[in-house]
Amino acid sequence: MNSLDSLFFIHSELFLTAALFIVLIFDFFVKQKKWLGWLSFLALVVAFKISPLSYPTEGLFFNYYVWDPFTFFFKAAAYLTIGLTILASLAYEKIPEKQQGELYVLLIAMALLLTIMGGSTNLLMIFLAIESVSLTSYLLVGFQKFDKFSSEASLKYVLFGSVSSAIMLFGMSLLFGATGTIDLTRIGFLLSQSTGSEIQHIALVGMMFLLVGIGFKISMVPFHMWAPDVYQGAPTPVTAFLTVAPKALGFAVMARVLFLAFPHFIHKWTHLLTVLSILTMTIGNVIAISQSDVKRLLAYSSIAQAGYILVGLAAPGPLGLQAVLIYIITYLFTNLGAFFTVLAIERNIGTNQLEAYNGLSIRSPLLALALAIFLLSLAGIPPLAGFIGKIYIFSAAIKANSIPLAVAIALNSAVAAYYYFKIVKAMYLTRPAKEDGIPFQNPLPIKIVVCATLLGTLLIGLWPMLVIRFVEQSITSLPIF
Amino acid sequence: MNIPILSSLVFLPIVGMILVMIAPKNQHQFIRIIGTVVTGVVLLITVKLLFAFNPNTSDLQFVEHVSWIPQLNVFYHLGVDGISLPMILATSLLSFLACIASFGIKERVKEYFALYLLLVTGMLGTFLSINLFLFYIFWEVVLVPMYFLIGIWGGSRKEYAAIKFFLYTLAGSMFMLIGILALFFASTPHTFDMLELSKNAFALRFQQIIFMALFFGFAIKVPIFPFHTWLPDAHVEAPTPISVLLAGVLLKMGTYGFFRISYPILPNAARWFSPYMGILAVIGIVYGGFVAFAQKDFKKMVAYSSVSHMGFVLLGLAALTTTGLNGALLQMFNHAMITGGLFLLVGVLYDRAHTRALDSFGGMWAKMPVYGGILIFISLASMGLPGLSGFVSEFMVLMGSFKIYRWMTIVSCIGILLAAAYLLYMIQRVLLGKLNPKWANLPDINAREIFTLVPLMVFILAVGIYPNLVLQYITPAIENLVRLLGGIPA
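Keeping their order, the protein sequence lines are chains A and B.
The first sequence runs 7 to 487 under the numbering used here.
The second sequence runs 25 to 514 under the numbering used here.
One or more of the hints may lead you astray.
[Claimed, not checked] Result set (DSS-like, lysine-lysine): computed pairs, CA atoms no more than 30 Å apart in a straight line:
#	chain 1	residue 1	chain 2	residue 2
1	B	K49	A	K453
2	A	K55	A	K151
3	B	K130	B	K462
4	B	K49	A	K428
Since the hints were made in silico from the structure, they are not lab data.
Take these sequences, add in the hints, and give me the full structure.
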């Protein structure tokens, strides 16, 4: 499809771009930055509302970008995450007032970039999207520029990120060299035609390098080293966002790449991903046990969660892909909720140390209950959202007859429950060190986001039908074998 | 009136939980009344169910069947038959009595009763679910409140005991979940329905693997040797009412799983594994007995006696005969009454003396004659005195298994001997001998505590004299199960 016809399908993106500049301009005049936050939130809602609901039969912009149900799914996930993150940022006072306007601008930009990342079907777009999402992430992480940890985290992120981008680019160049095209579907076609030739070997190496770059985004072991420091050092709303949206989109790209370009190598990458997913969940969980900072603990937990999602790709097929998408939704609500609750608690007790959580159920019963529910959901206890995700992941592994995967998930779930319950134990079982009767105070936006994510976690657990149907529709556009 | 009776059983406690949660924090008496009324009504509904139940059929009754997650073919499917009915009765009765026994809880009352009612929902739901997916959900729902109930209101090592219980059971149930999903994918059409699944004839190899996966989940809950190590910790640290439910209901969830899921769906594997289960049963019976004998802590002794007595249930299961299975199911019911009573009695003494060390007592009968009488009555039932319920079920189990596993049955009889030994030794140390002057001022058991014990004693005596009271309900279902198993109908 040519560029002019394509414009119709991206009018919500165009609208959001305009909104981005408007917020940026308003930033010069508006003193009360929180109005910019609400404005950005509104812009996101409107942009989402006007998204086209019909899908073109061919790719947009000469097949550089596709607008299909799969893209729509990830667009919805990205918008939801960013909308909630903007609201949560409204209540985060550690960012200097002067910079807050920029934060909202960057978050809107992120919504745009993530949508493009979800719809990229050729190597160039994938690289550009991943790279620009990364650059924006570096900025977001370093947002508290006077905070030592924040700056350190940002620097670390940049270093790791650029190295893995370079490797990914190298892989892409190999693929281009081997097949002469950057279009994923075309690569897949050419590879299936060239059985037994040298091209296959080059393409295989290219695929591995490409996976490094994506693996970095989803914090897959062994490319996860940046994650704990970055997640701990970043401003808490940004951490919440980073553990969910870029990761989800990383999986979107990974699914597209593997299903479109490398169906031919399916046996190779399923074995590879089986090993990597077991490693990812195990290492994430085992290291999380010894953490004493709640944010860092959740950071390791989110590495482990990425390992669970990978199972869906390691056991490919309709059920595997469904599992990936369903897990992403349940994880979105649960993990965002957990981080937002941690943010609400951090505002009041000024720290994220686990000891400070002692006796929280007495000081703030509602926040403690919310966090407990999120942690139970992360642990996959029914009838919460996380359980539905886990059921699908388990099902995918069992359907693919992958006993090692199923056993690994089972054992990891028990290990994970231990450290999630370390927080629960601190909140409910341990008495507070000192009783200071200052009641917790939280502004409206944070209450909204905690309630929204809590509601999502409970409702998806009790009535998962809608989500499952949505996911089933979303994956119709991908060729699955 | 068109209210579905089973759903009201399961969800009434949830309604109560919500009421407790919105009740003012300091209205302790009001919260206790909510808890008691709700569990009381649950008990009344159960009694109504008992009278409406038709004991002449092995079919499910009062079935509720509503589609829940169509994509996974999950149904909200409840039903009751002869296997679950005694468990429902035991659960409702013990929930009500333990709720009254919970009046002694003085701190964080609101949270306690909210969690307690959630636990009741989980337990009833587990016994009533006919859909494996639903069964698993209720099974896990039991876990979470139990963690808090042990961890917040427990004894000195409560945190350790709570997380140990939780992790053990969770690890087991994860393997159970794998088994359940594997059954789902192996069946045609894919289903979680227990009845539909039992119509599938799976290959032996597959049955064995699934049996093992489910076995982990159930064996940890029962607990079967060598998975029992969480039990003494959890039982000893839990507050009295929770110990009652733990021993009276939660342990039965494990053996119930064999009756309801493993045996009907995987009959070939059940036959294949039965000698091994028999061996584990005998180890449990004898080992549990010896360890109980060695205990210095009253509660720990009762806890280990559970390991021993649950071994009889397993032995009956291993025998695969009608008599053995009948006995096993009856033993589950009887053990719920007896151990529930024993734990309540331990609690009575602990509330007064604040110690459970058996050696620190002595001559209590003189100070607490009524207490002494009740303790002796229930202990006699536990050691299998003819005329009381424990005798009937253990005798049936032994009779059922003798033809199949002669030597195992003979060795198991040591367990009965040991039960007599440790219980009489306990009575000697607590009730008889010289009165420890420290306890000279202990008051006797009070009316509320007697009220919690009398219904249990009534059942112990009634079933002991006229076992058909319970057996009439369970026999048709067990005969049907034996047909499915292709076992020996004797």
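Going through the hints against the structure:
no.: 1; hint: B:K49 <-> A:K453; in the structure: holds, 22 Å
no.: 2; hint: A:K55 <-> A:K151; in the structure: violated, 35 Å
no.: 3; hint: B:K130 <-> B:K462; in the structure: holds, 25 Å
no.: 4; hint: B:K49 <-> A:K428; in the structure: holds, 26 Å
In summary, the one numbered hint that this structure violates is 2.
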